[in-house]
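Enquirer: So you can see what is in the structure, the chains are spelled out below.
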Amino acid sequence: MRVLAGLRRAGLPYLLLLPALLLELLVHLVPMVIGIVMSFKDLTRLHIGDWGTAPWKALGNYRVTVDFDAPVGATLLHSFFVTCAFSVLTVGLCWLLGTTAAIFLQENFRGRGLLRAVFLTPYALPVYAAVITWAFMFQRDNGLVNHVLHDQLHLTDGRPFWLLGDHSFLALLVVSVWKTWPFAFLVVMAGLQNIPKDLYEAAALDGAGLVRQIRRITLPALRPINQVLVLVLFLWSFNDFNTPYVLFGKAAPEAADLLSLHIYQSSFVTWNFGTGSAMSVLLLLFLLVVTAGYLLATSRGRKHADG
Amino acid sequence: MRILRAATVTATVTALAAVAAGCGGGTSPGGGSDDSPRTLTYWASNQGPNVEADKKILGPELKKFERRTGIKVELEVIPWPELLNRILTATTSGQGPDVLNIGNTWSASLQATGALLPWDKKNFDAIGGRGRFLAPALDATGAAGKDPAAVPLYSLAYALYYNKQMFKDAGISKPPATWDELVADGKRIAKDGTWGLGAEGGQLTNNIHQAFALGKQHGADFFDASGKPTFTSDGAVAAVKQYIDFMAKDKIIAPGNAEYGQNQSLRDFATGRTAMVLWQAAATTFAADGMKPDEWGVAPVPVPSGTPGTGRQTNSMLAGINIAVFKNTHNLHGAREFVKFMTSDGEQRLLNKTYGSIPPVTAAQQDPAFDRQDTKVLRDTLTHSATPLPQVVEESQFETSVGTAIKDLFADAAAGHPVTTASVKERLAKAEQQMAK
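If you read the sequences in order, they're chains F and R.
Note that the numbering used here has the first sequence beginning at 9, numbered continuously upward.
Note that the numbering used here has the second sequence beginning at 880, numbered continuously upward.
These are computed hints drawn from the structure, not numbers from a lab.
Here's a subset of chain F near chain R, in silico, CB distances under 7 Å, partners left out:
# : residue
1 : 53
2 : 56
3 : 57
4 : 79
5 : 149
6 : 171
7 : 173
8 : 277
9 : 278
All C-beta atoms in this analysis are idealised placements derived from N, C-alpha and C, irrespective of residue type, glycine included.
Pulled out of the complex, with its shape left as it was, chain F reads as follows (with noise of 0.2 Å):
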């Protein structure tokens, strides 16, 4: 009787948690196979009002979209290029503004509540309304953006577009990297708090100044919680669809063609779920790899060092 109450015990906080997790299977897991088995149908227009009824294409979707010579897959390895260039950046310069903003703000002096509060603001902000508004700035005749570059400090020649063209890219990191940074300086911000004090208080006895403060303290001490930011950051941005979607409607110009954009243009523009769904089996299994291998590669750094 006694094993059984054990068992009892020991098993019960498990059954409680039963319900929540099947739950949780369902909202992720079920989406995320009906995903998958669209991706091996041939589901366009024709099958979408019973899709269960779409004839089976194998591995059809996958190898109209990984064949990179034709235009379906070489505007998709285009896309995936722009997207990891645009990631890449994105998480570098808010981890960047992040960080340095965090540190000087650990200083107390007059006004750093507000510029805390500032700092964050965008953060706080719809996204929505927020990247409307910057698409209003990027407005080549109206917008604010060419009134200051061009008419107040005479930077270009002419009024450019920032919404068409080549500029798009450019336009689609300012705003990415601006709703983005006050986070990477929240989470910064609380690791900073964790640090005791008096290492600085030693270190500076010893003669390091601020730099080697940073490199020799700070950094190191931030690094779990840089391993966390930066993935987050990566896997933000790299799906990121909000922000393209909102600056350029359905179809982005080339050179900001993300590829969350992309795949909702392949399957509900063009209305070919299939190969959609195919594109974002792909895109998931990606970024799968690349977080199994960064957290690999991240933690085995930490235990090296630790050690």
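Starting from the known structure of chain F, fit chain R onto it as the hints suggest.
Expert: Just chain R now, with coordinates in the frame of chain F:
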């Protein structure tokens, strides 16, 4: 063990509930029923200046319908950018409205999904027969040889709107009838911050509409008889180049128009920055921007010969809204009654007058409201020289791919990059490849 059982039951029930809630779909698209004869849901497209205005305009009419038939109509007005996606979602899940508006260029695309009730002879007879409708408007209700997927509700066509004072100041006495005249007039006007012609380079559908009419004039259709895309045919390339050249070569369109997509060109027109626009029923928008009706004039969209007509004389796509019944409706009889009501002579006169469109019901066209300077031109164009966009299942893809190609070409022209026959062909070839399955 009681706890275990309770937990299992809870888990199973929540799981089942989630499955039931999550999978609304799976209803077979087999056909409607008359399960709920007292109510109807209606998705209206946004026709007026905004969604609220539409609710105000349609509200009393729906009440009128309720008084006559006892059927209550739940109205939802859906903005254009969302409408196609909403219909698509409804089609996928099987959970749609009973009656809905569709853009008439989507008829064949939506027909192919099998989600809409086919309008066979019996259904048409129930609303008074096909003969009541304008023949060209019926051409935009689905693929040829099939029962229409919808019924014409509001019809529209393109016209050339011009600023009378700006024309007078430039010493031009009458609106252009040919493209050569339009370019010449535009060049006389385009200087010191004013421009000859307005365009919406960022609006994909508008790009398509202009390219299609010009394509007709060059003998191109964008699709061949078997429905295959022919975007790179000489005529199609020439048509698109001609349109882009208004900005690139003739310089009568302001470069900034390349990114216009929210009717900014109409505001430029109303504020005297642009002398001409090619538009469908723009009167209410001009009025909203403070322009008086006697300040602008209307003429048919130019054609090379100067006299619009059929074939190569086509000067407009046949635009408009159709009304359709969702096949899964729970009130088939009521839905047909509602379509009958909306396409009745009286409602047609009233609603089209309010919206500035033309009734596709011929008997309703005789109202003096459709003899205004703009509606008269639109009506003549609709009857004599407008052609529906190709009624092929890939139409919605065509709008996006070719519309985007034209947007990119405008971006090239605006940035001062050369636009040549080769560069136009290259962009169109890319658009055509995207259509490949």
